[in-house]
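Trainee: Using the sequences provided together with the hints, build the complete structure.
There are 2 protein chains.
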Amino acid sequence: MADANAENEGPLGPDGKPISKKALKKQQKQAEKAAKKEQHKQAAGGDGNEDTEKEDFAKDSYGKCPMNQSQERVERDLVPVQSLTLELAEKKKDEKIWCRGRLHTSRSKGKQCFFVLRHQHFNVQAIVAVGERVSKQMVKFVAAITKESIIDVEGYVRKVDQKIESCSQQDVELHVEQVWVVSAAEPRLPVQIDDLSRPESEDDLAKVNPDTRLDNRILDLRTATSQAVFRLQGGVCRLFRDTLTAKGFTEIHTPKIISAASEGGANVFTVSYFKGSAYLAQSPQLYKQMAIAGDLDKVFTVGAVFRAEDSNTHRHLTEFVGLDVEMAFKYHYHEVMDVIGDLFVNIFKGLRDNFQTEIDTINKQYKSEPFKFLEPSLRLEYPEAVKLLRANGVEMGDEDDLTTPAEKLLGRLVKQKYDTDFFMLDKYPLAVRPFYTMPDPNSTKYSNSYDMFMRGEEILSGAQRIHDPDFLSERAKVHGIDLEKIRAYIDSFRYGCPPHAGGGIGKRWKQDLLW
Amino acid sequence: MADANAENEGPLGPDGKPISKKALKKQQKQAEKAAKKEQHKQAAGGDGNEDTEKEDFAKDSYGKCPMNQSQERVERDLVPVQSLTLELAEKKKDEKIWCRGRLHTSRSKGKQCFFVLRHQHFNVQAIVAVGERVSKQMVKFVAAITKESIIDVEGYVRKVDQKIESCSQQDVELHVEQVWVVSAAEPRLPVQIDDLSRPESEDDLAKVNPDTRLDNRILDLRTATSQAVFRLQGGVCRLFRDTLTAKGFTEIHTPKIISAASEGGANVFTVSYFKGSAYLAQSPQLYKQMAIAGDLDKVFTVGAVFRAEDSNTHRHLTEFVGLDVEMAFKYHYHEVMDVIGDLFVNIFKGLRDNFQTEIDTINKQYKSEPFKFLEPSLRLEYPEAVKLLRANGVEMGDEDDLTTPAEKLLGRLVKQKYDTDFFMLDKYPLAVRPFYTMPDPNSTKYSNSYDMFMRGEEILSGAQRIHDPDFLSERAKVHGIDLEKIRAYIDSFRYGCPPHAGGGIGKRWKQDLLW
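Chains as they are written, first to last, in full-length UniProt numbering: chain A, 1 to 515; chain B, 1 to 515.
Don't read these hints as lab results, they were simulated from the structure. Hints are supplied without guarantee of correctness; some may be wrong.
[Stated by the list, open to error] Label pairs and their calculated CB-CB ranges:
| id | chain 1 | residue 1 | chain 2 | residue 2 | range |
| --- | --- | --- | --- | --- | --- |
| 1 | B | K367 | A | P370 | 55 to 61 Å |
| 2 | B | D211 | A | K247 | 34 to 40 Å |
| 3 | B | G131 | A | D353 | 39 to 45 Å |
| 4 | B | T85 | A | V432 | 46 to 52 Å |
| 5 | A | E399 | B | R107 | 48 to 54 Å |
Here the structure is a predicted model, which is why all the values come from computation and not from measurement. Ideal Cβ positions, reconstructed from N, Cα and C, are used throughout, including at glycine.
Mentor: Structure follows, in C-alpha cells:
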C-alpha cells in the first residue's frame, strides 16, 4: 500500500505511468541514448549547454521525442482539448492528464511561460512555471518551442477564476509538468493562424490575400473556419446520401474518362489516352439515365465533374464535385421535384440541427444571416418569375433565360415576398434548355424543367428527360446535333424506358483552390 | 348511397378510379383524341382494323399510352411486383390493383395470353383471358406487346394452386383486366435477358460473350445479377462511409486535375488544359496527407482514380473508384491498422446481414462460397508469409515482393491454416514500397507498411507515412526522385505534422466495362 502511494506521488515517466525501478532503468537508458544522439535540447532551440543540462533536475520531463516510427505501442489516454472542462477539472483534481495539441502561441514571463494549446477549433491556456517539478531550463525550453509544433503535455486541469475569453476552453487551464515535442514546426511561419482567422469585418486590420492563403493552404486548413467548412461539406454529402438512401435510391459511380465528347463537344477536356485521345465527362447525366433505362429506378452519384471553361468567375470552374440524382417517376415529373425539394429541406434541417457549432464558427469569420426555408419548398413557375422581375425594372422576353444579375435580384424579391432563401423555379422556356429536355405538354414555349436557387444562386438544374428515342432524335436534330455522335445515348431508350427526371447539384468549389 | 355502390361496381378508368359521369365524358373525349392520333393500337402491333375496333367492348381497357409528358399528376398506387404476395391476395380479394413492370415474356394460347411481368429482380405471372371484361382483340393486343416494353396492368392478385417455380412471386398470379403500354421496346432484342442471366455452370447452353454483354449494357443492367451487383456496390460504399463517420472521420474530396505528375510521372494521363497541360491524379494520397497536416485528423474519400496502365488484366485499369482512408495516430500505426481491420469486418458483416438477397441472387449466376472472416482480423507479418510460401515450394528472397501467383497461393494457404478469406499482411520489405513509407524502427529490411487481402487478391495497400520533411527528402533522394517536383508535398510537413498512416481500397472495376 505504501508502495502504491509512493507511486502516485512519485515521478511520472513520459509514458504517463509512475516510474517503477524497472521502468526507471529503461527510461535512463533511453535518456542516455537520446543524449548521445544530441536530439534532446538542440532541435527545439535549446542552447546545448551541457553543464546546465547536467544540473537539470527536470531533464526527464521535457524534450524532443525521436521521430515517431511506431517504436512502441503506448497505452496512454490523450485527453482531447475539447474535453478539458470544469467537470474534468473536478473529476481529475488529484490526477494529471496527458494532452496533445499544437503550440498556438506562447509568452514567457520570468519564471513562467504561458502558452495556448490548440487542437482543431478548440484551444486551452497552459502554464509551465518553475517549481518543485519544473526547472528554469524547462521553462526556457518551452518558451523556445516554435509555433505550430505538435506537443504532448502532462499536467493538472485547473479551474480559473476569470474566464479566458480568448480560448474555447474558458473555464480551465493546464498546469503543465511535462512537455514533449512530437513534431516541430519550422521557426518562421509564412503566415500566422491568427491572421488567417481574422473576421472579414475587422477592416482596420491587415487581411491575408487569397494568393497567400492558397500558397499556404496547409496552415489555412488549420483555422477554425476551415475545420468547420470541411466538416460542413462532409455533412452536406452525408445528408444528401442518407436522405436518398432512405428513399430507396442506389448509389452509382459513373465513368470520368469517356470515348466521345457527348454534349456537343464544347467545353470538354481532352486526355491523351495511349495512342489515341479520350475526354473528361462533363456530367454523369447520360450514365444516370442509362441506369434508369437499366431498371435501377432511383440513383444518385457524388463525384468529380469537369468543364473546360476558361472563365475566372465563381460559377465557372474546371472541376467540381457534382451531387446528381435521377429517378423514374409514375405519372408526373413533379413527383421528382417533390423528392428533390424534400432532399434540400432535409439537408438544411440536418445542417441546422447537427452542425450549429460549425455554422457559428464560420459566422465568426464570415458573417451571414440564418438560412431560411419553407417546408414544403416553394415552387414558382417561370412566368411568375418574369412578372416579378419586370415589375422591378428588368426588361426581358418571355422566353429569355435569366441573367446572373436577374437571378440575384429574383433571389432578393422571393425572399421579400415569401421569406425563404430557397426556392424551385419550374417550367423554363424550352429554347434555353438542352435538347433532351421534355417539352411542356400544354405549351410550345415552355418545358418540364427547373432550376433551384439558394440566395439567388442557381444550385441545381434539372428536368424531365425525353425517354422516347424517336422524339429524342427529332429534338436533337432541331438543336443541330449530329445524331451519329449521340447514337449510343439515343439507343439506350430503344428497349423501353420509364419516364424519368433528375438534376445535378454543383458544389462549385474549385478543387485547385482548396489545396 | 346507391350511387356510391354503383361507383364501386362500375367500370374503372385507366386512372384506377370508378368512372363518374364527368370522368366518363372526359375519358370519352380522351379516347376520341387518341383515336384521331391513331396512337391507339397500331404502335404496339395492333392490326389497325377499324371495324374490329368499333365492335371491341374492351377498347378502353388497353392500348398504348401517349408519350408521358407529365400531362396529368395521377394519384394512383402502383403496387411493386415484389409486394404481390399471398397476404396481398387475401387482403385485396375483391379489389383490383395496378402494377407497372416490363413484359418479360408472353405466350398466347387460344383465348388467353400468359405473360411474366418483371420489375428489377422480381417477377410475377399474369394472365389475360377472354371473358366479360376482356375481348379477343385485347388478348391479341397483349400477345403482340414486344418484350421489355414497360406496361401498366390492372387486375386481381390471385392465389395459385401450384407454386410458380420460374417466378420470384411463386404463390400468386395476376388476373389482368387492363393493359396499357407506357414505353414500347423495339421488336427485336439484340440479346435476351434470359441468356444474359444464365448461370455460369450450365455448360451445355449458349453463353453471352462479354463483348455482346457490354455492347448491350442497358439490357445487361436489367438482369437480376446486375441489379444485385449495383446494390451491393452501393452498400459497400455506404458501409465504408458509415463506419468511418461513426468513428469521427471527415469526408473530403480531392482534386483530379493536378498541375504536376506527382508520383514520378509514370503511368499518368496528360490532359490538355487550355494553353498548357495538366495531369490526372493517380491517387488522393498526397491530398489526404495534406488534410492530416492541416489538422483534420481522420479523413476518407471515395472517388475516381486514374492510372495510365496499358495492360489488359483485371488488376490494371485506367480508371477505378478508390476508397481511401488517412488517420493521425497517437503512438503506433497499428492503431490505424486496427481501424481498417474493423472497417473491413463491419463491411463484411453489413453485407452478410443486410444484403443476403443480393448475395443469393448473384450466387445463382456466379457460384461462390460464403465469405469467411475473423474478428478481430488476422494480422500476419511478411516473414511469416514468406516462410509459409517457401514451405509450399515458392522460391523467393526475404526482400522480394509477392508475385500475383504467390499472392493467390498465400490466400489459399492462409484460408487452410486460419479459415479466413481476409487477412492483413504487415511489415513489407522497405525496398518494394514507395519512398514516403516509414521504415521499420528495428530493422533496415522492413517497413511500417501493409497490404490487405481477400481471397488472395490484394484489395488495400497502406502504410505509416514519413511525416518528417528532412527524412522524407532523404528517402526521396534514395529513390532517385527529383525533389523539385515534390517540393509542395514535402513542404506540407514543415509546420508540424502528426504521425499518420492510411490506405486505399481499389474497387478495381473498370468503369468503361460497366456501361
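Trainee: Please go over all the hints and tell whether each is borne out by the structure.
Mentor: Structure-based check of all given hints:
no., hint, result
1, K367(B) with P370(A): 55 to 61 Å, "holds, 57 Å"
2, D211(B) with K247(A): 34 to 40 Å, "holds, 36 Å"
3, G131(B) with D353(A): 39 to 45 Å, "violated, 57 Å"
4, T85(B) with V432(A): 46 to 52 Å, "holds, 48 Å"
5, E399(A) with R107(B): 48 to 54 Å, "holds, 51 Å"
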